[in-house]
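Visitor: If you want the building blocks of each chain, they are given just below.
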Amino acid sequence: MKKFDKERVLLGIAAPLLAIVVAFLVTALVLLATGKEPFNAFAIMFDYGSKSDSQVYILNKATTYYLAGLAVAVGFRMNLFNIGVDGQYRLAAFFAAALGGALTLPGPVQIPLIILCAMIVGAMWAGIAGLLKVTRGVSEVVSTIMLNAIATAIIGYLLQEGRLGHLDTAGTKVSTKPIPESSHFFEFPTTPSPVWGFIVVAIIAGIAYWFTLSRTRFGFDLRTVGQSGSAAEASGVNVKRMVVTSMLISGAMAGLVGMPTLLNDSYEYSGDFPVGIGFTGIAIALLGRNHPIGIALGAILWAFLERGSGQLEFQGYDKEIVGVIQGVIVLCVVIAYEVVRRYGLKRQQRQVGAKLAAQARNSDKQEVSA
Amino acid sequence: MRRVSKITTACLATAALAFTATACGASSTDTAETDSEKLKIGMAYDVGGRGDNSFNDSAARGLDKAKADLGAETKELTAKHGETPADREARLSSLAEGGYNPVIAVGFAYKDTIDEIAPKYPKVSFGLVDSVADAKNVDSIVFTEEQGSYLAGVAAALKSKDGKIGFIGGVDLPLIKKFAAGFEQGVMDTDPKASVKIQYLTTGTDLSGFGSPDKGKAAAQGMLDKGIDVIYTAAGGSGAGAIQAVAAEKGTWAIGVDSDQAKDPALSKYAASIMTSVVKNVDTGVYELAKSVKDKKPLTGTHTYSLAEDGVSLTTTGDHLKDIQSKLDEVKKKIVDGEIKVKTTT
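Those protein sequence lines, which keep their order, are chains A and B. Numbering-wise, UniProt numbering puts 226 at position 226 of the first sequence, and it's gapless, one number per residue. Numbering-wise, UniProt numbering puts 284 at position 284 of the second sequence, and it's gapless, one number per residue.
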């Protein structure tokens, strides 16, 4: 039994590894086609990406990506495609920033309040899609995409002077009121720049995700519904309730996505608050096979690639090349998983077949001897 | 239970590894700053970069001039969609580290980043376009967009047949509202019976309004259908669509923005319908900063490029303004003398 597990782990690692290797090969071809030397580009990326300040950047960026990956993965495990993580985290971060800027409570009270506010807003926003799905049968793919657009519009409406926005002195930037210094999240005083303390929250979220899914009744139900709704229903699981709950959890997790940036970096929500992380989260969840450690590795890889892109541009390469690598990785991952899955299935069938054949031979012999 | 502890240790080990890793190794910013005599200019563009036929291109012209006249070496980096403050910091510090001086950031999105980065490189001069920085070694290059837009409003009111005038803004950002405010005031001061319809293509954090010619075209078409005959578009790349729509309708005028859009290779075929463009001479600001660094007297503090010193102006390509030029000059003088105060908010 234990040996079998090991092989499964190997197969599990084979897919993403294969994907990354193929992705780099394809990128090398693209670089060659544009008349640039590919290995030098990779050398620049690895060299620059392993510098100490790059490590800090990668960890900080991966913190955000990890949370996004988890938020998407919760849905994936349930066979729900939450494309709305993007709108959920932006709306959540916006309201959390507005709340944080309006209050001046002591940090230990205010920080949890801001985080809680973000999680609730994210959960509510995702919950709309969950409710629509169970009551009206609206596909969550459609509703969450639309909710993304609505979130953009709501933020656009409220982020105006006289509403929740305030104008800077140059009169060019509108943002929420900055969060008071006492409510900034702690940092690890690494050199040359600090690692955001929110990484601790991300790790806790990862452990909670793993524990809930693989060690609780709820997690079991969730995975069962994901694999077969009717089977789960038959065994007494309230599928509708599971859909709403898992959307709420996914949304609450999405609410955390904007927090590292808000509480450790920008301290306000303005027009240039990062957008599109929800979509990155989808790629990372795919890359990490919805596994908490896999997602972490995916997030770190993604951050590493982005770190390299700036340097590539500086060295005269087209920075779009990193976009090509990322795109190809996702594509390769999907293909590689399917290939490995089929191979694994075939292998299993062969093994079972061999076992059965051996059994049959044994019983044959017994019959003969009998 | 055994598996639980295994995975927990794995998690902890990963975390521990991650932290120890950050503490060691050389930093990419360890390289020493080089003090060479040659002028090296580092440019960090806003989203869109060189080739947007508008705002960024105006800055690029200043850079090209510095390259030609001052013999400068240049490096140009461009912002991506959806990036974080950390990305902007990395961009500016890599330029400063690379020995580029001055380092010029184009766009107000860089404000906080400049305040963060500039104090770390006291020997480098920074430039910030469209916002005001707090750090000492920064030349904040700002423009009185509302004054140029006011003049455009005067021209629009004089040229319109029945006083129905439109304004299309890319995104409802404060900066674009400055354009709208000045324009509206210019129209109303000239022709109190006129009306200005103000429309923004997108709102808030959705910046696609700056890069969607289709949205610009649809908005302009809607205005034309309502009988509006002069449309001023301050919407970056979306403006091309609006100009195209206006050009298809006889007897209507488009007003361009940031660069002389009648001379734009992609838009010059519509030049007969482009009354004028409100030019923001970002190139002047960029060039002056580069020159000041070359002369070892780097500019610092806030420099407002106003109508008085042609920081903003109306173009006369095609001579469409000939008949009203005297009136415009008169108004310009009043603004410069402070007789007319132009609003910055609608």
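One thing to keep in mind: the hints can contain errors.
Straight-line distance between alpha carbons at most 25 Å, and here's what the computed SDA-like set of lysine to any residue pairs gives [unchecked claim]:
id	chain 1	residue 1	chain 2	residue 2
1	B	K123	A	F314
2	B	K263	B	D229
3	B	K123	A	P192
4	B	K40	A	Q315
Here are some, though not all, of the chain B residues that point toward chain A, as calculated from beta-carbon distances under 10 Å [said to hold, decoys possible]:
id	residue
5	E73
6	K75
7	D172
8	Q199
9	T203
10	G204
11	G251
Calculated directly from the structure, the hints in this document are not laboratory data. Where is the CB? At the ideal position from N, CA and C, for every residue including glycine.
Visitor: Any hints this thing doesn't respect? Which numbers, in order?
Guide: Those not satisfied are hints 5, 8, 11.
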